[in-house]
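Q: Each chain, letter by letter, is given below.
Protein chains: 2
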Amino acid sequence: MTTMIPRRKSRIRQRNEDAILKAAEIVFAQRGFGAATTAEIAKRAGIPKANLHYYFNTKEDLYTQVLENILGTWLTAADDFNEDQDPKSALENYIRTKIELSRTRPEASKIFAKEIISGAPFLKDHLRGDINPWLEEKTRIFQSWIAQGKMAQVNVPHLFFLIWSMTQTYADFSTQISIVLDKEKLEKKDFDTACDMILSMVFALCNLN
Amino acid sequence: MTTMIPRRKSRIRQRNEDAILKAAEIVFAQRGFGAATTAEIAKRAGIPKANLHYYFNTKEDLYTQVLENILGTWLTAADDFNEDQDPKSALENYIRTKIELSRTRPEASKIFAKEIISGAPFLKDHLRGDINPWLEEKTRIFQSWIAQGKMAQVNVPHLFFLIWSMTQTYADFSTQISIVLDKEKLEKKDFDTACDMILSMVFALCNLN
DNA sequence: GTCTATACTGGGATAGAC
DNA sequence: GTCTATCCCAGTATAGAC
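Chains D and A, in that order, are what the protein sequence lines are. Taking the UniProt record's numbering, the leading residue of the first sequence gets 1, the next gets one more, and so forth. Taking the UniProt record's numbering, the leading residue of the second sequence gets 1, the next gets one more, and so forth.
Read the hints as simulated data drawn from the structure, not as lab findings.
Repeated chains share a single entry, so a pair holds when one copy, or any two copies, can fit it.
Capping the alpha-carbon separation at 25 Å, the derived lysine-lysine pairs in BS3-like fashion look like this:
1. 183 - 138
2. 185 - 138
3. 183 - 124
4. 124 - 59
5. 49 - 9
Small disclaimer: the values here were computed from a predicted structure and weren't measured.
Can you make the complete structure from the sequences, with help from the hints?
A: Structure representation (structure tokens):
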């Protein structure tokens, strides 16, 4: 077992893997797993196609790696609310964080969206293993806030479905939104407008004014 | 020009085309254009793979046809509100219709979602040509309601982005939602719950209570 | 008019070179 | 340890049979 020691990756390996992963995120976002080609990813990463298969044995390995990375940032970035806060600022922080993720990492959101729409062939286990427990814990927190009369009685899982959809649509459907708003790409101020509207709606629903 | 007369399609052709289109909708929804294979569509339609190419020359032709069909139902189903109505019932009708479409034709919604997330390579022209004018007209109507003090001042395009996202998420993300709610598939009552919440939020935002 | 055997292409993966 | 010539299969499309 000579490889048990977590040897430092060679500089060249590090550089190439990073380039591949970055390229893969863009290509997978646009094409989805099935339609993406290792050729396109390699080209975008600036390495020969066949070389990509040296660093990532299969296309599936590469895709899985990309999903894991995204899931990491995702769950850590939006996990900072707890029972001691008040519901209004907890929700506000969460929604602002989600909108900011959509603005700064739209590809990540798109990859997720396509994966789920396809029936989550790769993410189903993660949905059950990571996201479900996460939501159950949050639901518990909200239930206690409701019991304490700090907010209105709402269906908590559905509240999250709606928040997810509203915040992520500005990443996933940016093409359509850009066309309607007649601009090359969405600006910070569009996300701010959206965020304000979402907050109003959610606060009203939860009776937090 | 013997074919100028719009001859009735033969019965066998009609039957096969219908079967192919129906199968295509399911496969394109799950895979997207690029990853879908004509073989899988043919198999699902119950005809030999090569035969499909007799009825639809190219995969692109088939996909375009599917998109057109969807766009048809889409635009007609949700186009029945005008200046003379009051904003509350207009919005309620629209949202109920959208939710009903998500419930009864989830594949259609998924195909659209994937197409847009991919940058709308096939739909870009339709977005500019059909959907944009549609939204512009609706925006005009809402502006007049706002001017008459019948509802609060809201950003109309963004209001639609949010309504679209909330209503469509129950079709597009049904896999995730089913897992969270721990059921095989979504029931009518889940859509009803969602609809009520969406209506509450939208009415509150527009000050329609 | 309807169907299928077959050609051709592009893409994932590997054996072996450097 | 790094890279690439090459293989093989899957997938679209067609030429020609029925």
